[in-house]
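Chains as they are written, first to last, in our numbering: chain A, 2 to 427; chain B, 15 to 284; chain C, 100 to 411; chain D, 39 to 411; chain E, 39 to 411.
Honestly, the hints are just simulated from the structure, not real lab data.
Note that the structure is predicted; figures quoted are calculated from it, not measured.
Be aware that one or more of the hints could be misleading.
Pairs of lysine-lysine residues, derived as PhoX-like cross-links and limited to a Cα-Cα distance of at most 25 Å, are as follows [said to hold, decoys possible]:
| hint | chain 1 | residue 1 | chain 2 | residue 2 |
| --- | --- | --- | --- | --- |
| 1 | B | 170 | E | 169 |
| 2 | E | 360 | D | 256 |
| 3 | B | 276 | C | 322 |
| 4 | C | 322 | D | 143 |
| 5 | B | 20 | C | 216 |
| 6 | B | 174 | C | 123 |
| 7 | C | 216 | A | 406 |
| 8 | C | 322 | A | 174 |
| 9 | E | 146 | D | 360 |
| 10 | E | 169 | B | 276 |
| 11 | A | 308 | A | 75 |
| 12 | C | 120 | E | 54 |
| 13 | E | 167 | E | 146 |
| 14 | C | 117 | E | 105 |
Far from chain C by the CB rule (all over 12 Å, computed), these chain D residues [said to hold, decoys possible]:
| hint | residue |
| --- | --- |
| 15 | 114 |
| 16 | 159 |
| 17 | 177 |
| 18 | 266 |
| 19 | 276 |
| 20 | 284 |
| 21 | 320 |
| 22 | 350 |
| 23 | 353 |
| 24 | 355 |
| 25 | 366 |
| 26 | 369 |
Per label pair, the in silico range of CB-to-CB distance [as the list claims (entries may be wrong)]:
| hint | chain 1 | residue 1 | chain 2 | residue 2 | range |
| --- | --- | --- | --- | --- | --- |
| 27 | C | 129 | B | 72 | 54 to 60 Å |
| 28 | B | 261 | C | 398 | 52 to 58 Å |
| 29 | C | 220 | A | 238 | 53 to 59 Å |
| 30 | E | 294 | D | 288 | 54 to 60 Å |
| 31 | B | 57 | A | 403 | 29 to 35 Å |
| 32 | C | 320 | B | 201 | 53 to 59 Å |
| 33 | B | 186 | C | 220 | 55 to 61 Å |
| 34 | A | 403 | B | 19 | 46 to 52 Å |
| 35 | D | 50 | C | 129 | 53 to 59 Å |
Yeah, the Cβ is synthetic: ideal placement off N, Cα and C, and Gly gets one too.
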Amino acid sequence: GSNNTNTEGDSGSSTESGKTEVVFWHSMSGDLEKALNEMVADYNESQDEVEVKPVFQGTYEEALTKFNTVAGTKDAPTIMQTFEVGTKYMVDSGKVQPVQKFIDEENYDTSQWEENISNYYAVDGEQYSMPFNSSTPVLIYNKDAFKEAGLDPEKAPRTYDELQEAAKKLTKKEGKKTSQYGFSILNYGWFFEELVAAQGGLFVDNENGRKGNAEKAAFNSKEGLSVFNLINDMYKEGTFYNTGQNWDDMRAAFQSNKVAMFLDSSAGVKSVIDNAPFEVGVSYLPVPKEADREGVIIGGASLWMAKGIEEEKQKAAWEFMKYLSTPEVQAEWHVKTGYFAINPAAYEQDIVKEQWEKYPQLKVTVDQLSETKSSPATQGALISVFPEARQKIVTGMESIYQGVKPKEALKRAEEEINRALEIANQ
Amino acid sequence: MSMIRKSILYLLLVVSAVIMMFPIVYAFMISFMSGSEVLQGRLWPENFTFDNYKAAFEKVPLFHYLFNSFVVSISVMAGQLLVSSLAAFAFVFISFKGRDALFFLFISTMMIPWEATMVPNFLTVQKLDWLNTYLGLTIPFFALAFGTFLLRQQFKTIPKELYEASQIAGISRFRFFWNVVLPVSKTSLVTLGVYSFLTTWNMYLWPLLVTNTENVRTVQIGLKQMQTQEISTEWGVVMAAVVVVIIPTLLLLFLGQKRLQKGLTQGAIK
Amino acid sequence: MSQVKHASTNSVPIVEEKEIKKQKWSNLMAGLLYLLPSLALFGLFLFYPMIRTMYLSFFRTDTQGVPLRFVGLENFSYLLTSPNFLQSVKSTMLFVLYTVPLSVILALFLALIANEKLKGIGIFRTMFSSTMGMSVAASSVIWMFMYNPAIGVMNKLVNLFGLADVQWLLDPKFALLSVALSTIWMNIGFTFLILLGGLQNIDEHLYENAQIAGVSYWYQLRKITVPMLSPTLFFIVTVSFINAFQTFGQIDILTKGGPIDSTNVIVYSIYKDAFINYNVGSASAQAVLLFFCILIVTVLQFKLGERKVHYQ
Amino acid sequence: MKRVELINIGKSYDQKTNVIENINVSIEPGEFFVLVGPSGCGKSTMLRMIAGLESVTSGDLLIGDTKANHLQPSQRHLSMVFQNYALYPHLTVEQNIMFGLYTKKIQKPEQKKRCVEAAEMLGLQTLLKRKPRELSGGQRQRVALARAIVTQAPICLMDEPLSNLDAKLRAKMRSEIRQIQRKLGITMIYVTHDQTEAMTMADRMMILNGGHIQQVGKPLDIYNKPANTFVASFIGAPPMNLADARLKGQLLTFEDQRTLSLNSFDTNLSKQEVTVGVRPENIQLAQENETSFIVEVENVEVLGTETLITFAIGNNQQWLAKWNGQWNINVGDRVPIYIDQKDLFLFDKHDGHCLHAASTVSSEHVISKEVLA
Amino acid sequence: MKRVELINIGKSYDQKTNVIENINVSIEPGEFFVLVGPSGCGKSTMLRMIAGLESVTSGDLLIGDTKANHLQPSQRHLSMVFQNYALYPHLTVEQNIMFGLYTKKIQKPEQKKRCVEAAEMLGLQTLLKRKPRELSGGQRQRVALARAIVTQAPICLMDEPLSNLDAKLRAKMRSEIRQIQRKLGITMIYVTHDQTEAMTMADRMMILNGGHIQQVGKPLDIYNKPANTFVASFIGAPPMNLADARLKGQLLTFEDQRTLSLNSFDTNLSKQEVTVGVRPENIQLAQENETSFIVEVENVEVLGTETLITFAIGNNQQWLAKWNGQWNINVGDRVPIYIDQKDLFLFDKHDGHCLHAASTVSSEHVISKEVLA
Ligand SMILES: Nc1ncnc2c1ncn2[C@@H]1O[C@H](COP(=O)(O)OP(=O)(O)OP(=O)(O)O)[C@@H](O)[C@H]1O
Ligand SMILES: Nc1ncnc2c1ncn2[C@@H]1O[C@H](COP(=O)(O)OP(=O)(O)OP(=O)(O)O)[C@@H](O)[C@H]1O
Ligand SMILES: O=P(O)(O)OC[C@H](O)CO
Ligand SMILES: [Mg+2]
Ligand SMILES: [Mg+2]
């Protein structure tokens, strides 16, 4: 764990030892935080110009809320980790310094980055933030349970039908009580977005907001409906477990055999495998049988630099960012967490090869991304009110468990998001 | 009292105590359990382990947060005592035009929901450059209508003659306030002090908003932080943190319970 | 003597008036000086923001809360027709309804049994008041664990009665109740302390007289205790109402307003609108509505409730 | 109307020390029995034990003829008027008066009737709808009385019911309570520390001190024949003057060597160490040749009707003489005083017991039948 | 020692009604001046105006020779002892006594000296380190006195300082206060509603009623020559008996047609409607042939030293007779009583003014020089 009991103020630009201090707000918890802190410690060790201070600020949403309150003041952190859907908000806020400036100044070679990833954070050709921890959603399943249920543990369900079938077999009932459910999706908007995109569906109009400001929600479509229908059908059949909104609750349910399959971020893969008392399988996101698989949107988060702070600090932050994107660091980051290496050269590193050997599951996530077809759908949506939109989707998912018709739920979410967009666009 | 009545009473008392205390004791128990014991849903740890406490103090700088909480709570307590007693003194010992209207205004502030003022207050504190400082955590709470009210009721019980005797002796108003009114109202001041301390110690939303760094974060936020980081995976650690957080206030409450109960009703009702 | 009298009757009024004015003025100044810290702080942190909030409720604002465009009552009219806000209002009302009467009744029960003169009663009093020393954050974390569907004790309890597991915080039918239950527990300590103090202020002789007359326990409770306690009850009910309307911490930790907004009480909704959805105008409008809600309830309380209160 | 009997009653609050001890007394049916004593002597404790509000530590309490030690207060069929009235502040006078009646299974009309009767008897008719706080002290007192009366309990207990009233109202209430008690024939047990009340109201009174009975008897008997120095100085205002002296043969020698001869004493006392007592009104200005001794006046208080003269006797004892009328005496004057031998009380110096009481001459004060026409 | 003069003083709290009015009095340096009157008559108000705690609504207040209407309390150089002592509960006796001295710019050693002196004078030496709650009522009283004394203010005001004490302690404190005042030669203004205090302590006293002066004078003069019925019934205990009667020639006819002849009266009164007054101790049992009238006894209270006999006169008036000793009289007895003409007071029935006062025979009570040896 972090042993950070450093208590000095972070307002001064340099620490006692004369190093430039860089405050780094992040949302990495558990094993991820451990890995992050190690990386930071290594960096601080490696040179004596810059001292990076990681500060945990809660979930992505909470951290963004916090950032919003201090953006543009001296209390703003030098580096801010923001999830992918905060991109538009950050760009619009005007309180951030696009890293493009430093790229240009130094002629930094961005081609070494995985394009799929860096593109997400480039708006109108300008690189706004530094890609850092990128993930995609995957299906994680309990191989032991598969065996027990007579399913092939090496063949995970690829389509909704297969998923439903498998889930039925995996569901164990003892009288009234269900001791093991087949499947679960966290009540979190990201999974909905991904499941829609995987079928090539858009989230908002104007090509997912990349052709101009999004004005209307677009997910109330065949693709969106199929997702809600899936949840609805499975929940009704009793093969779907509602785990709420908490990532850890969901993972705990999987580890304690309450659920046999669930969707998780690739960032969770490593930790799930390490902690599960059974064999864990990882597979692609399922799609409806009739749909073409388009792929996945890049998830996770990137690093943003605050505007209006001392040049010296920005420079220091840039140095740190560059350090993070070196193949060595990325390789370690990848194997410790399951996040992608933004620098594909990292996959050539020995430790990655070693680990892939040991954890073949890690590679699945990388493959899923590289098989993704680039399109407005898989590029992901750009909306400034994304956090609010996600809440509406969550409410929609939750209302399904209460017996609201999927169509109805979808429509309500659409209307509310439209209103939010309308307010935001004026 | 008949034996039957006594037994029934004791039965009721014990049952109620068990129910009331259960969550607290439960938290204590869990804080001593190993991770697997927690997951088994046990009520009693097989062998008490202090690992969770060690982990809790490692994960989050709890000592530092405790220290912050103490600083903040003590400051707010002192501030509230001073500001409230000054105001209460004016309401009782100085007669001037509009005094009653002002008092009513004071009382009416109790009705303003803190949340209704939260956004502008946040902006104010930000403008004052008080984010991440003790100032931002304390000053906005120094004025307390409830405290003024409580002390006013107490001051009113001070015989008018004490004031008059000082007037005749030519003692200044402030000296009277400082050397007579305050010492004489010790009990009420302690009551208000305990109350202030407890409520400040337990404050949640405001510190959540105005602190972003470990420097001045209070222990409640540490708890929240711990909970978002560790929930489900390490309940034992979280509960250890809970225990660390509640022990100071519980102790304070147990010590001040009698006084608090008397002082609070006295001021609150009459 | 008459000479003095004559001399004085002429000069007194002018001197007197001056003197009196001076006296009054100096008193006013002194009074204000003592009130200055309170007034300044109230002004800055209560009255100004309250007014600011009212002002902002007529605006669309940017993400930092800076007003952009005057929209009149649009924020209000949207809120009053928005099913989400109406749901918030409903949740708030339900929450108040669940917590206030139950906290008071349970605390009263505890205060009654803890008011008896028995050996070791001090320990029980201390235990009953203990939740006053518990922070919302700590309590909520404990309850969160107790509500955990898989390992929490609440489901064990439910199973004990042969019922199926309950998704305490995930099922909209239970979430508000669950939050209310934990809130009641948290409130009891303070409510209990106040009520116990009230009970102890009741003159012992009133009960002794009743004993000699031989009236039953319930009759005493109805005819002596409750009326004599009514000022205390009135106080605690008023305070509980105000507090219930302002509940935040337990919601943030336990449910974050979900599921399906079933626990999205107004205060939480304000927080979300202001700090997550960056819609300060709407948040302000809700704050204003909340203020009036509390005001109305409190005024009603005073109008209806105080009639039944017997001050000594 | 019921007898109340206390046999060897003792009470301890802390299981260690007894606050009252060895109380033996029998209160007759219809009697007005007054309990007096200084503050803290155990009066209230005794009353509360009789009421059943306090448990009896030792001894037997009989009410009527049944042992009542463990009866519930309500089963003792008595009423009680508390020192502070214990009126229910939230109830009207009427509701207060009828408060205890509902348990007695009495019909509403009957309740009402009793209430009206009691109110009339006590002059409360016009106040029935008021709340206690709208009443004066005396009126509250009467409501408390009415509440006791309506229960028609045969025994009524009152704990210093007049202590909060001013002198005038107190005098009025004294006679009212006495009249009501006579009219209803209740057995009354009345606690007070005011000796005027005790003297004027009691059929019999009991003087308590430190939890022990000092004396029980008719008020005048106690005044005239106090059992010991405590009673002697407690009953009578200003209190009896006391001073230590030695008795040798017929000669009484005070500590300052002043002497009084007791030639007319018929009792032959064996004790030598005595305390001499004499009431202030019995210290007279000496007529010629009668002088007992000459004293130097230390203080003179002319009250109009009477004059109080203070002088020293013994070792720093101050005695008071009370003379009718207004006397023009100055501090420092030396005055010859006379004390009649028959007005002297003698007490044992060590245990305070009365050895010899002054002879009362009450015969002198009986108006001859002829005069009464 | 300073003179205090009130010229036409009036006070109104609400600018509408005056609680006191037209007060003209001059209190001489070194005088012990007592203010008496029933509750609410304005005694405290007057005292507080003198102290400067209450503003003067009209008239002039002179202290020494300067007009003091608007002086701050602290500028008036006086000390005050409050009814409830107003001791600072958190300070020790010593600190209490010295509390006011620091403002007077007095050196520490001098403060200490004064404190010790005052404490010695009042017997407080051993209590200096105690807190007020550890003191008895009388001791607290003395601390309050000491606090007033140390300021060495020439004027001392006391507002019912003894009203909370029991009878015994009160008697003791009366003489102590008087002694200290004499010793220090302070001008004392003393408020009380207890007439015994007034009678025994005052050099002069003033009787207030309803905000108006009733009478100012020496206590005995007031007792013997009350200016009106109010004073007559206020001073003296039990109070003077009063009844309305018609005076025709030498014959006084009560409302119940009883008559008294006034043959020895030298004053020729023009009024016919009078109120007759007679003090209870002057209503005597008739000796043979002296009977004034026969009355039916309505109540008898034997107090030991004396017996109070109540009977009716006029239209439902109750009169009290006070006889020394214990009388064996029963309610309902018919008793012949005698009232000496010289003991009669006559008042104007309408305005209550005294028309004729009883002739005092104080000469009778002066002890002849010879006797005093
Ligand atoms: N509940 C109690 N617990 C312990 N001691 C008590 C209790 N009640 C009274 N006492 C003690 O018992 C003694 C007698 O008290 P009690 O009240 O009978 O006195 P009292 O004669 O009524 O005095 P007062 O005239 O002051 O009312 C006192 O010393 C008192 O301190
Ligand atoms: N602050 C005040 N405001 C209005 N009226 C007052 C105030 N103080 C006294 N009074 C009224 O003035 C009158 C005289 O009051 P004051 O206190 O002087 O009486 P008192 O003679 O001292 O009576 P007591 O013997 O009861 O102390 C009373 O009728 C009282 O009600
Ligand atoms: O948990 P992460 O970091 O993979 O992020 C998941 C989503 O992309 C958040 O929006
Ligand atoms: Mg008593
Ligand atoms: Mg007064």
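Restraint check for residue 216 of chain C with residue 406 of chain A, where alpha carbons must lie at most 25 Å apart: The hint is violated at about 60 Å.
Should the hint that residue 186 of chain B and residue 220 of chain C are 55 to 61 Å apart at their CB atoms be regarded as holding? Given a distance of about 47 Å, which is not inside 55 to 61 Å, the answer is violated.
Given hint residue 123 of chain C paired with residue 174 of chain B - CA-CA distance at most 25 Å: holds (19 Å)
Determine whether the non-interface label on residue 177 of chain D survives the test: each CB of chain C must be over 12 Å from its CB. holds (17 Å)
For the pair we were handed, residue 322 of chain C and residue 143 of chain D, check the Cα-Cα distance against 25 Å. holds (17 Å)
Take a quick look at whether residue 117 of chain C and residue 105 of chain E sit within 25 Å of each other, Cα to Cα. Distance ~16 Å between residue 117 of chain C and residue 105 of chain E Cα, so the pair holds.
Are the Cα atoms of residue 322 of chain C and residue 174 of chain A separated by 25 Å or less? violated (56 Å)
Verdict on residue 320 of chain D as a residue remote from chain C, using beta-carbon distances over 12 Å: holds (43 Å)
Should the label of residue 355 of chain D as a non-interface residue stand, given a Cβ cut-off of 12 Å to chain C? Holds, because the least Cβ-Cβ distance between residue 355 of chain D and chain C comes to about 42 Å, which exceeds 12 Å.
Given the hint that residue 169 of chain E pairs with residue 276 of chain B, does the C-alpha gap stay at or below 25 Å? holds (23 Å)
Looking only at beta-carbon atoms, does the pair residue 403 of chain A, residue 19 of chain B fall within the given range of 46 to 52 Å? With Cβ atoms ~49 Å apart, the hint holds.
Interface-negative label, residue 369 of chain D against chain C, beta-carbon threshold 12 Å: holds (35 Å)
The structure fails hints 7, 8, 9, 15, 28, 32, 33 (numbered hints given earlier, in ascending order).
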